[in-house]
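Q: Let the sequences and hints guide you as you build the complete structure.
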Amino acid sequence: MIEKWSVRNFKALPWAEYDPLILKPLTILVGPNSSGKSTLLQSILMVAQTLNNTAGERPLILNGELVRLGHALEVLHEGDEQRPLKISFTLIQSKTTSQPNGEERRNTETIHVVAEFRLPNEGNLGFDLSRAELSSGDGVGIIAQKLTNERTITDLDMHQDWQVDPNLRAQVKKGIYDYIVQRQTGSSSLTEIHSPAVERFSPHISFFHLLPKDSLELYDHETEFQVKAMRSAADCIIGEKQPELIEGLKGINLRDRQGRRLQEALRIVIIHTIDSYRNQRSIKVYSQSDITSSNTDQALRSLITDLSATENFGDWVQLVLQKLLAPTRKKLAQRLNLDAADLEVKTRQKSSNEDRSTGLRVGNLPPEIVGVVREVIDFFTERLRYLGPIRDDPRAIYGIPFNPETKDVGVKGEFTAAVLERYKEEVVTNPLPPSEGVFSGKTKTTRLINAISEWLQYMDLVENVTTLDHGKIGYELLVRSAGVVKDLDLTNVGVGVSQVLPTLVMALLAPKDSILLFEQPELHLHPKVQSRLGDFLFGIALSGRQCIIETHSEYLINRVRRRIVEAEGKSLLEKTSIYFVERIRGESQFKRVQPNEYGAILAWPKGFFDEGPAEAELIMEAAMKKRNQENEIKKKVNKI
1 MIEKWSVRNF
11 KALPWAEYDP
21 LILKPLTILV
31 GPNSSGKSTL
41 LQSILMVAQT
51 LNNTAGERPL
61 ILNGELVRLG
71 HALEVLHEGD
81 EQRPLKISFT
91 LIQSKTTSQP
101 NGEERRNTET
111 IHVVAEFRLP
121 NEGNLGFDLS
131 RAELSSGDGV
141 GIIAQKLTNE
151 RTITDLDMHQ
161 DWQVDPNLRA
171 QVKKGIYDYI
181 VQRQTGSSSL
191 TEIHSPAVER
201 FSPHISFFHL
211 LPKDSLELYD
221 HETEFQVKAM
231 RSAADCIIGE
241 KQPELIEGLK
251 GINLRDRQGR
261 RLQEALRIVI
271 IHTIDSYRNQ
281 RSIKVYSQSD
291 ITSSNTDQAL
301 RSLITDLSAT
311 ENFGDWVQLV
321 LQKLLAPTRK
331 KLAQRLNLDA
341 ADLEVKTRQK
351 SSNEDRSTGL
361 RVGNLPPEIV
371 GVVREVIDFF
381 TERLRYLGPI
391 RDDPRAIYGI
401 PFNPETKDVG
411 VKGEFTAAVL
421 ERYKEEVVTN
431 PLPPSEGVFS
441 GKTKTTRLIN
451 AISEWLQYMD
461 LVENVTTLDH
471 GKIGYELLVR
481 SAGVVKDLDL
491 TNVGVGVSQV
501 LPTLVMALLA
511 PKDSILLFEQ
521 PELHLHPKVQ
531 SRLGDFLFGI
541 ALSGRQCIIE
551 THSEYLINRV
561 RRRIVEAEGK
571 SLLEKTSIYF
581 VERIRGESQF
591 KRVQPNEYGA
601 ILAWPKGFFD
611 EGPAEAELIM
621 EAAMKKRNQE
631 NEIKKKVNKI
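The working numbering puts the first residue of the sequence shown at 1, with every later residue one more than the last.
Some hints could be false.
[Claimed, not checked] In silico DSS-like links for lysine-lysine, alpha-carbon gap of 27 Å or less:
(1) K606 to K528
(2) K174 to K213
(3) K24 to K412
(4) K11 to K606
(5) K4 to K213
(6) K323 to K250
(7) K444 to K407
(8) K213 to K86
(9) K575 to K95
(10) K228 to K331
(11) K606 to K24
(12) K407 to K24
(13) K213 to K146
(14) K95 to K24
(15) K424 to K331
(16) K407 to K442
Honestly, the hints are just simulated from the structure, not real lab data.
Nothing here was measured: the structure is a model prediction, and the numbers come from that model.
A: Take a look at the structure:
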């Protein structure tokens, strides 16, 4: 779940410092129209829509399926270009680990993300990522800053002799790797990277949107070339696919600089192989099937001579296959692999002051950081659901989603019928509807279609719901109302069913540890249904799915307050956050309006559902005034 969320210099939220919003399993946003309630939801949706987008080089995706925010200047608070847009949030995830004794332990992992975005030097349609921070409660963390134009590694012209993939060279010149790690913690450390074009500093990395992706690393290309060539030769000498392997090795020139270094390494391999035969002779252990020891020495030594006379590596390997019998080939292949491994170890152990770097390549970030990045992406791409305030109109036949396996009912609930038809038999965790007014907060597992029917009955909407698949035409959704002898489509019943059904389907199908965003789920619902919808949402929040709700429903809020009072101690109070949002001098302010364990709101903000009592008071005043006027008229009439 999201534990904390903060966004600054975004729409009606200024740059000024303020405490991050504390989000609970059930978080409710209330306030006047245009006060900024949706700003919080939009910032969450913007991050989710960004991480769902494959264009990883774009730091923020402002316009997509979930939210459309316009261009960057429209997003910044009052068009403030001088300050960055800053988003920070903390995620808490539950994890189950198996213990040595066979038991399972459930613990939580905390992940903290901070990202700052600035307008590019030219244009205002998008943002550049200027600074980012990622950390977890396990001590894993990384802080990166984008370099200014004066301190980049885009000048690769002076490194033409380096081995750099053309695509990577283009990416570096484009500035994708102009991010420098300022501080990194954890058990694994990034290899220190530098370029002679700039002063020595920590590694350069690239980003997938606002999360670290890859690092750049300098390496000894010639040594790696030797290691790969030696291992390929070993595979070829004892492998089954010799013709294919040899053909690939023919591309290695033994006469150029790299080839001469490879020749030297191969000479050492052959000498080591000859020495191993000498050691065998000293203890009288050698194969009767092999050629005589003197012929073995001669055949191996001739291969050293062949190295200078052969043009390419593949031809030399063919000579090995022709001159050596199987036992000697096997011994030579073993020696090739051993010397290749030794060469790798020696390269890693070289002093950092001994610069043998001849190549630039993409390297991996430490595995613990990669793991945290995957957790964040998974959270926003797989476990976030959103339902907007406007529902699809009731219709006889509903459309087909692009992905037939989707569990997403759509922003307007337009795919509810298809999703319900596809997953109606799936077993879900269903919060129990209150029985005789008692809210237990408990759950049970049942089929989705049964859970839907239970809640629709509790809300006094319909008795049950049925779906039918009509192939390429679409899906039919039918309901049976109490006292009616046949099923009806949603065009023949009140809009309340079409309003609440997407909410039920989306929430019940959501996995545990997911986040559900609802905008005005109470629209078109009777006050009694609004109250009972509050029971459903509270039950969903208690079942391990986080609900963030933007609402104007006093009935929903009062039902939540009632359940807090009915619960033992503060058990439900600690699961709830209620924020009253109002705009003061053009800025949205979020004020936490927390009821106590008795349901009372001690600091009742002006405008927080006080229209009803105020209106009732005015009605009474008007009634008294009217009665007094009538009495005065009667008195005058009586005098006459």
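Q: Take a quick look at whether K575 and K95 sit within 27 Å of each other, Cα to Cα.
A: Holds - the C-alpha atoms of K95 and K575 are around 20 Å apart, at most 27 Å.
Q: Hey, K323 versus K250, does the alpha-carbon distance stay inside 27 Å?
A: Holds, at about 18 Å.
Q: Measure nothing beyond the straight line between the CA atoms of K606 and K528; if it is 27 Å or shorter, mark the hint as holding.
A: holds, 25 Å
Q: Quick one, are K24 and K412 close enough, alpha carbons at most 27 Å?
A: holds, 25 Å
Q: Are the Cα positions of K95 and K24 separated by 27 Å at most?
A: holds, 18 Å
Q: Between K407 and K24, is the straight-line Cα distance small enough, at 27 Å or below?
A: holds, 24 Å
Q: Are the Cα atoms of K444 and K407 separated by 27 Å or less?
A: holds, 21 Å
Q: Are the Cα atoms of K213 and K86 separated by 27 Å or less?
A: Measuring from Cα to Cα gives roughly 20 Å; hence the hint holds.
Q: Check whether the Cα positions of K407 and K442 lie no farther apart than 27 Å.
A: holds, 24 Å
Q: Within 27 Å, alpha carbon to alpha carbon, are K11 and K606?
A: holds, 24 Å
Q: Please verify whether K228 and K331 have alpha carbons no more than 27 Å apart.
A: holds, 18 Å
Q: Verify the proposed pairing of K424 with K331, using a straight-line Cα cut of 27 Å.
A: violated, 63 Å
Hint 15 from the earlier list is the only one contradicted by this structure; the remaining hints agree with it.
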